[in-house]
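Required output: the full structure, derived from the provided sequences and hints.
All residue numbers for the sequence shown refer to UniProt numbering, where the first residue is 1 and numbers rise by one.
Simulated from the structure, these hints should not be mistaken for lab results.
All of these numbers come straight from a predicted model, not from anything done at the bench.
Glycine residues also receive a C-beta, built at the ideal position from the N, C-alpha and C atoms.
Honestly, I wouldn't trust all of these hints.
When the alpha-carbon atoms are kept at most 27 Å apart in a straight line, the in silico DSSO-like pairs for lysine-lysine are as follows [what the hints assert, rightly or not]:
hint : residue 1 : residue 2
1    : K125      : K199
2    : K186      : K199
3    : K199      : K184
4    : K125      : K186
5    : K184      : K125
Pair by pair, the computed Cβ-Cβ distance ranges are [said to hold, decoys possible]:
hint : residue 1 : residue 2 : range
6    : L129      : L64       : 53 to 59 Å
7    : G123      : F259      : 58 to 64 Å
8    : T201      : A155      : 42 to 48 Å
9    : Q241      : G123      : 41 to 47 Å
10   : V35       : Y151      : 38 to 44 Å
11   : T136      : M33       : 35 to 41 Å
12   : P243      : L153      : 20 to 26 Å
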Amino acid sequence: MTQFSETTEDFADTSESDSFFRETVRVFCRNRMAVIGLILVGALVFVAIFIPLISPHDPYRVALDEQFLPPSTTYWLGTDNFGRDLLTRILYGARISLVVGIVPSFISLVIGAVMGIISGYFGGKTDVLIMRLADTMLAFPSLLLAMVVMYTLGANLFNIFIALSLVGWAGVAMVVRSQTLALKEKEYIEAARANGTSKVTIMVRHLFPNVIPTLIVLFSLSIPEAIMWESSLSFLGVGVQPPEASWGLLVAKGKEYLFSAPLVAIIPGVAILVAVLAFNFVGDGLRDALDPYMKD
1 MTQFSETTED
11 FADTSESDSF
21 FRETVRVFCR
31 NRMAVIGLIL
41 VGALVFVAIF
51 IPLISPHDPY
61 RVALDEQFLP
71 PSTTYWLGTD
81 NFGRDLLTRI
91 LYGARISLVV
101 GIVPSFISLV
111 IGAVMGIISG
121 YFGGKTDVLI
131 MRLADTMLAF
141 PSLLLAMVVM
151 YTLGANLFNI
161 FIALSLVGWA
171 GVAMVVRSQT
181 LALKEKEYIE
191 AARANGTSKV
201 TIMVRHLFPN
211 VIPTLIVLFS
221 LSIPEAIMWE
231 SSLSFLGVGV
241 QPPEASWGLL
251 VAKGKEYLFS
261 APLVAIIPGV
271 AILVAVLAFN
281 FVGDGLRDAL
291 DPYMKD
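Below, the structure is given as structure tokens:
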């Protein structure tokens, strides 16, 4: 009888999870802009993975006799000041932007989630200490703080991960803390505590799963922010360094030829705009789909 009861309960949980997933997909797909954003993000991921296989040109090949060639069947968007294919450089830049968008966002998400749950659950001096640290991080402009880190550690891709991870966790921690404060007063948390369940188990098995939808939305919305930060750092000369094909770096170099060869600066700028909008559309769609108050 007990085994039958456990089997029935597991089946009910699975059925409920499937229903929640189908409902989330349904609400997300009703948002046309979110679907368009997802298609663009999928195209960006495809390009980032397979560009070495599909690109006919070397992004680092220098041909000074082919500087600033206009768009043609050979070079679809023309060439830059070193005679390199502009389209190939932009497509390779998608790989850097995607990596910089995902890796630091994930790291800051993990740090912020851990700090937020600890702060909200334990309260007291632990809460005050973590929140004052978060307030200190948020008191500085994010780009300025990232620039300080880059100037201190040096301009390279790995240090960009460190800089963006440091400036991104505080906001996540505050959101997760506010949810934890509400969740820890729920009856099932009180029941787990009364049964002698350890604090770590409660945080891992009961609190963390309930903040996952919020973390998914925060992750999707932090990726375009990280892309913008990386582009800004590279544009200012403290991010990705030549000859890498960062979009921010391409805009920085192309602005010197804005009047003689405007495509060199405009096209990377458009790529940044499209990528940021695509991720924002996806984030908005996920927020609407995962927020129970937004559903019919």
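Determine which of the earlier numbered hints do not hold for this structure and return their numbers in increasing order. Going through the list in order, the structure violates no hint and respects every one.
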